[in-house]
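Please put together the full structure from these sequences, using the hints given.
One line per chain: the protein sequences are A and B, in this order.
To convert, note that position 84 of the first sequence is 86 in my numbering; the numbers rise steadily by one, no gaps.
To convert, note that position 78 of the second sequence is 79 in my numbering; the numbers rise steadily by one, no gaps.
Hints are not guaranteed to be accurate.
[To be verified] No farther apart than 20 Å at their CA atoms in a straight line, the calculated lysine to any residue pairs in the SDA-like style are these:
{"#": "1", "chain 1": "B", "residue 1": "K91", "chain 2": "A", "residue 2": "K13"}
{"#": "2", "chain 1": "B", "residue 1": "K106", "chain 2": "A", "residue 2": "G87"}
{"#": "3", "chain 1": "B", "residue 1": "K66", "chain 2": "B", "residue 2": "S27"}
{"#": "4", "chain 1": "B", "residue 1": "K16", "chain 2": "B", "residue 2": "P76"}
{"#": "5", "chain 1": "B", "residue 1": "K103", "chain 2": "B", "residue 2": "L64"}
{"#": "6", "chain 1": "B", "residue 1": "K16", "chain 2": "B", "residue 2": "V109"}
{"#": "7", "chain 1": "B", "residue 1": "K106", "chain 2": "A", "residue 2": "L41"}
{"#": "8", "chain 1": "B", "residue 1": "K103", "chain 2": "A", "residue 2": "E46"}
{"#": "9", "chain 1": "B", "residue 1": "K103", "chain 2": "A", "residue 2": "D88"}
{"#": "10", "chain 1": "B", "residue 1": "K106", "chain 2": "B", "residue 2": "A18"}
{"#": "11", "chain 1": "B", "residue 1": "K106", "chain 2": "A", "residue 2": "Q39"}
{"#": "12", "chain 1": "B", "residue 1": "K10", "chain 2": "A", "residue 2": "K13"}
{"#": "13", "chain 1": "B", "residue 1": "K103", "chain 2": "A", "residue 2": "V91"}
{"#": "14", "chain 1": "B", "residue 1": "K10", "chain 2": "A", "residue 2": "T78"}
{"#": "15", "chain 1": "B", "residue 1": "K103", "chain 2": "A", "residue 2": "G61"}
{"#": "16", "chain 1": "B", "residue 1": "K91", "chain 2": "A", "residue 2": "S98"}
{"#": "17", "chain 1": "B", "residue 1": "K16", "chain 2": "B", "residue 2": "S41"}
{"#": "18", "chain 1": "B", "residue 1": "K23", "chain 2": "A", "residue 2": "G42"}
{"#": "19", "chain 1": "B", "residue 1": "K103", "chain 2": "A", "residue 2": "K13"}
{"#": "20", "chain 1": "B", "residue 1": "K106", "chain 2": "A", "residue 2": "A90"}
{"#": "21", "chain 1": "B", "residue 1": "K10", "chain 2": "A", "residue 2": "S40"}
{"#": "22", "chain 1": "B", "residue 1": "K91", "chain 2": "A", "residue 2": "D59"}
{"#": "23", "chain 1": "B", "residue 1": "K103", "chain 2": "A", "residue 2": "Y107"}
{"#": "24", "chain 1": "A", "residue 1": "K19", "chain 2": "A", "residue 2": "A57"}
{"#": "25", "chain 1": "B", "residue 1": "K103", "chain 2": "A", "residue 2": "L41"}
{"#": "26", "chain 1": "B", "residue 1": "K103", "chain 2": "A", "residue 2": "Q43"}
{"#": "27", "chain 1": "B", "residue 1": "K91", "chain 2": "B", "residue 2": "L47"}
{"#": "28", "chain 1": "A", "residue 1": "K13", "chain 2": "B", "residue 2": "Q43"}
{"#": "29", "chain 1": "B", "residue 1": "K66", "chain 2": "B", "residue 2": "K91"}
{"#": "30", "chain 1": "B", "residue 1": "K103", "chain 2": "A", "residue 2": "G42"}
{"#": "31", "chain 1": "B", "residue 1": "K74", "chain 2": "B", "residue 2": "I57"}
{"#": "32", "chain 1": "B", "residue 1": "K91", "chain 2": "A", "residue 2": "Q43"}
{"#": "33", "chain 1": "B", "residue 1": "K91", "chain 2": "A", "residue 2": "A57"}
{"#": "34", "chain 1": "B", "residue 1": "K106", "chain 2": "A", "residue 2": "V91"}
Source of the hints: derived by calculation from the structure; they are not laboratory data.
Here is what each chain is made of, one letter per residue.
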Amino acid sequence: GAGVSQTPSNKVTEKGKYVELRCDPISGHTALYWYRQSLGQGPEFLIYFQGTGAADDSGLPNDRFFAVRPEGSVSTLKIQRTERGDSAVYLCASSSLGAITDTQYFGPGTRLTVL
Amino acid sequence: AQRVTQPEKLLSVFKGAPVELKCNYSYSGSPELFWYVQYSRQRLQLLLRHISRESIKGFTADLNKGETSFHLKKPFAQEEDSAMYYCALKAQGGSEKLVFGKGTKLTVNP
Numbered sequence: 003g004a005g006v007s008q009t010p011s012n013k014v015t016e017k018g019k020y021v022e023l024r025c026d027p028i029s030g031h032t033a034l035y036w037y038r039q040s041l042g043q044g045p046e047f048l049i050y051f052q053g054t055g056a057a058d059d060s061g062l063p064n065d066r067f068f069a070v071r072p073e074g075s076v077s078t079l080k081i082q083r084t085e086r087g088d089s090a091v092y093l094c095a096s097s098s099l100g101a102i103t104d105t106q107y108f109g110p111g112t113r114l115t116v117l
Numbered sequence: 002a003q004r005v006t007q008p009e010k011l012l013s014v015f016k017g018a019p020v021e022l023k024c025n026y027s028y029s030g031s032p033e034l035f036w037y038v039q040y041s042r043q044r045l046q047l048l049l050r051h052i053s054r055e056s057i058k059g060f061t062a063d064l065n066k067g068e069t070s071f072h073l074k075k076p077f078a079q080e081e082d083s084a085m086y087y088c089a090l091k092a093q094g095g096s097e098k099l100v101f102g103k104g105t106k107l108t109v110n111p
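Here's what the structure looks like:
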């Protein structure tokens, strides 16, 4: 079946602009995660949803970052007033919590470049 | 706080040689440990987790709580094992978030 998909695959924006990154999880997966991976680093947790609600948003770096999952499926990560330091690959993952296996399956990522 | 350390940024071995990728963690509670792998131009994927205690693609990893380590081992490396390997930790009974190390790039030379 289809895996986690993310759009766009690449996004170039200017400092100060607003961006939205989209994640389509695997159908039926109840949990959805956002991570950020900077060059030379491992993925860094941002936020995860169980259903429609944010179960843990402790990784969001500041109030410029916000994420929603209004219907418990697709999620959007929103970044306001982008800064050059926001440049990174943004990864989305989904899993089926409560199932025998709760493996997190990752998408291909969105590469965000802030000029 | 939870922390995962992978001391080797790069590791190069010859085909057929044993390989060990090191992972140490810091966490006061009971952790779940994972190894994720990213092959060239592919997405991050789970390789194995300590709870399963299984061997995947010839790789094994044992959780050593005394040494707080979860090293990944394979007795005979293959060229197709060349990839980025990330060790990750999850707190049992807590948040589902994964805490990753910085990764080790493994190159298996012919």
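Comparing the hints with the structure gives:
1. A C-alpha spacing of about 30 Å is found between K91(B) and K13(A), which places the hinted pair above 20 Å, so the restraint is violated.
2. At roughly 24 Å between alpha-carbon atoms, K106(B) and G87(A) are farther apart than 20 Å, so this suggested pair is violated.
3. Between the alpha carbons of K66(B) and S27(B) the distance comes to roughly 10 Å, so the proposed pair stays at or under 20 Å and holds.
4. With a C-alpha separation of about 10 Å, the suggested pair K16(B) and P76(B) falls inside the 20 Å cut-off, and the hint holds.
5. Among the hinted pairs, K103(B) with L64(B) is consistent with the structure: their alpha-carbon atoms are about 19 Å apart, no more than 20 Å.
6. Simply put, K16(B) and V109(B) have alpha-carbon atoms about 6 Å apart, close enough for the 20 Å limit, and the pair holds.
7. This hinted pair checks out: K106(B) and L41(A) have alpha carbons roughly 13 Å apart, not beyond 20 Å.
8. Between the alpha carbons of K103(B) and E46(A) the distance comes to roughly 10 Å, so the proposed pair stays at or under 20 Å and holds.
9. Of the pairs offered as hints, the one joining K103(B) and D88(A) holds, with about 18 Å between alpha carbons and a cut-off of 20 Å not exceeded.
10. For the given pair, K106(B) sits about 16 Å from A18(B) by alpha-carbon distance, which is consistent with the 20 Å threshold.
11. Between K106(B) and Q39(A) the CA atoms are separated by roughly 15 Å; this keeps the pair inside 20 Å, and the hint holds.
12. Only pairs whose Cα atoms come within 20 Å are accepted, and K10(B) paired with K13(A) is rejected, the gap being roughly 28 Å.
13. Restraint check for K103(B) and V91(A): the C-alpha separation of about 14 Å stays at or below 20 Å, so the hint holds.
14. As the CA atoms of K10(B) and T78(A) are separated by approximately 32 Å, the hinted pair breaks the 20 Å bound.
15. A C-alpha spacing of about 17 Å is found between K103(B) and G61(A), which places the hinted pair at or below 20 Å, so the restraint holds.
16. A distance of roughly 16 Å separates the Cα atoms of K91(B) and S98(A); the hinted pair therefore holds under the 20 Å criterion.
17. This hinted pair checks out: K16(B) and S41(B) have alpha carbons roughly 18 Å apart, not beyond 20 Å.
18. Between K23(B) and G42(A), the direct Cα distance comes to roughly 17 Å. Compliance with the 20 Å bound is thereby established for this hinted pair.
19. This hinted pair does not check out: K103(B) and K13(A) have alpha carbons roughly 24 Å apart, beyond 20 Å.
20. At most 20 Å may separate the alpha-carbon atoms for a hinted pair to count; K106(B) and A90(A) meet this at roughly 19 Å.
21. As the CA atoms of K10(B) and S40(A) are separated by approximately 15 Å, the hinted pair is consistent with the 20 Å bound.
22. At roughly 15 Å between alpha-carbon atoms, K91(B) and D59(A) fall within 20 Å of each other, so this suggested pair holds.
23. Pair hint K103(B) plus Y107(A) holds up; C-alpha atoms about 19 Å apart against a cutoff of 20 Å.
24. With a CA separation close to 28 Å, the supplied pair K19(A) and A57(A) exceeds the 20 Å bound.
25. Our distance criterion of 20 Å between C-alpha atoms is met by K103(B) and L41(A), whose separation comes to about 10 Å.
26. The suggested pairing of K103(B) with Q43(A) holds, with an alpha-carbon distance near 5 Å, which does not exceed 20 Å.
27. With a C-alpha separation of about 13 Å, the suggested pair K91(B) and L47(B) falls inside the 20 Å cut-off, and the hint holds.
28. For a cut-off of 20 Å, the pair hint linking K13(A) to Q43(B) stands: about 19 Å separates their Cα positions.
29. Annotation: proposed proximity of K66(B) to K91(B) holds, straight-line Cα distance about 14 Å (limit 20 Å).
30. Annotation: proposed proximity of K103(B) to G42(A) holds, straight-line Cα distance about 7 Å (limit 20 Å).
31. Note on K74(B) and I57(B): the hinted pairing holds, with a Cα-Cα distance of about 11 Å set against a maximum of 20 Å.
32. Between K91(B) and Q43(A) the alpha-carbon distance is near 18 Å, which keeps this suggested pair within the 20 Å criterion.
33. Taking the CA atoms of K91(B) and A57(A), the gap is about 15 Å. The hint holds against a cut of 20 Å.
34. Distance hint between K106(B) and V91(A) is fulfilled; the C-alpha atoms sit about 18 Å from each other, no more than 20 Å.
In this structure, the earlier hints numbered 1, 2, 12, 14, 19 and 24 are contradicted, and the remaining ones agree with it.
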